[in-house]
Amino acid sequence: MGWIKCPRCEMNYIQEDEKYCKICKREMKGEKPREEVEICTVCNEHPVMPGKDVCAICYKEMSAHETDPESDGTITVDVGIDPVSTMEEIVPDIGDDLSNREYQEMENDLSLQEMAEEEDNDDEEEDE
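Once you know that position 128 of the sequence shown is 510 in the numbering used here, the rest is easy, because the numbers rise by one and skip nothing.
Take these hints with a grain of salt, some might be off.
Unchecked claim - Computed beta-carbon distance windows for the label pairs:
| id | residue 1 | residue 2 | range |
| --- | --- | --- | --- |
| 1 | M393 | M444 | 37 to 45 angstroms |
| 2 | E413 | I386 | 22 to 30 angstroms |
| 3 | C391 | K442 | 39 to 47 angstroms |
| 4 | K434 | M410 | 56 to 64 angstroms |
| 5 | E443 | K387 | 38 to 46 angstroms |
| 6 | I421 | M393 | 50 to 58 angstroms |
| 7 | W385 | G433 | 33 to 41 angstroms |
| 8 | C425 | Y402 | 32 to 40 angstroms |
As the list claims (entries may be wrong) - Derived pair list, reagent style PhoX-like, types lysine-lysine, alpha-carbon separation capped at 20 angstroms:
| id | residue 1 | residue 2 |
| --- | --- | --- |
| 9 | K407 | K387 |
| 10 | K401 | K411 |
| 11 | K401 | K387 |
| 12 | K404 | K414 |
| 13 | K407 | K434 |
In short, the hints are calculated from the structure, not lab data. Using N, Cα and C, we set each Cβ at its ideal position, and we do this for glycine too.
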């Protein structure tokens with residue numbers, strides 16, 4: 383036995399011996415469509431509370447963290463990495479490795495103004 387699309391909605395698949403899909407049958411009887419139950423985004427086990435995206439159990443746990451006097455209301459996860467306190471910690475200091483002359487050469491090689499002038503010269507040569 384094979385599967386075919388429902389002739390009414392042309393969306394759902396039905397077996398060849400059926401006339402309509404379950405959804406179309408419900409609509410033709412005048413029944414209201416069933417609401418899909420949303421599952422908690424935290425535990426993925428229990429249905430959510432109305433107007434929330436978490437279940438009652440997870441909501442109680444989160445509320446307990448908020449009322450904890452040691453907690454500031456944020457949820458933290460310890461991943462074993464020290465937080466970066468300033469940007470200086472992640473920017474490498476390369477000034478000591480390069481001499482002033484080498485730095486000037488690199489700056490000249492990377493000069494955007496010079497690159498733009500070279501492109502203009504190349505464009506002018508192509509036009510001639």
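Outcome of the hint check:
Evaluation of the 37 to 45 angstroms hint for M393 and M444 yields a pass: the beta carbon distance comes to about 38 angstroms. Separation of E413 from I386 is about 24 angstroms and conforms to the stated range, judged on CB atoms against 22 to 30 angstroms. Between C391 and K442 the CB atoms are about 41 angstroms apart, so this pair conforms to the stated range of 39 to 47 angstroms. Evaluation of the 56 to 64 angstroms hint for K434 and M410 yields a failure: the beta carbon distance comes to about 35 angstroms.
The supplied range of 38 to 46 angstroms is met by E443 and K387, whose beta-carbon atoms lie about 45 angstroms from each other. Our hint of 50 to 58 angstroms for I421 and M393 is violated, since their Cβ atoms are close to 23 angstroms apart. Range check, W385 to G433: about 38 angstroms between beta-carbon atoms, so the 33 to 41 angstroms window is met. Distance hint check for C425 and Y402: the Cβ-Cβ separation is about 37 angstroms, which falls inside the suggested range of 32 to 40 angstroms.
This hinted pair checks out: K407 and K387 have alpha carbons roughly 14 angstroms apart, not beyond 20 angstroms. A threshold of 20 angstroms between alpha carbons decides the hint, and for K401 with K411 the separation of about 14 angstroms falls inside it, so the pair holds. Restraint check for K401 and K387: the C-alpha separation of about 10 angstroms stays at or below 20 angstroms, so the hint holds. With a CA separation close to 12 angstroms, the supplied pair K404 and K414 stays within the 20 angstroms bound.
For the hint pairing K407 with K434, the CA-to-CA distance comes to about 32 angstroms; that exceeds 20 angstroms, so the pair is violated.
Hints 4, 6, 13 from the earlier list are contradicted by this structure; the remaining hints agree with it.
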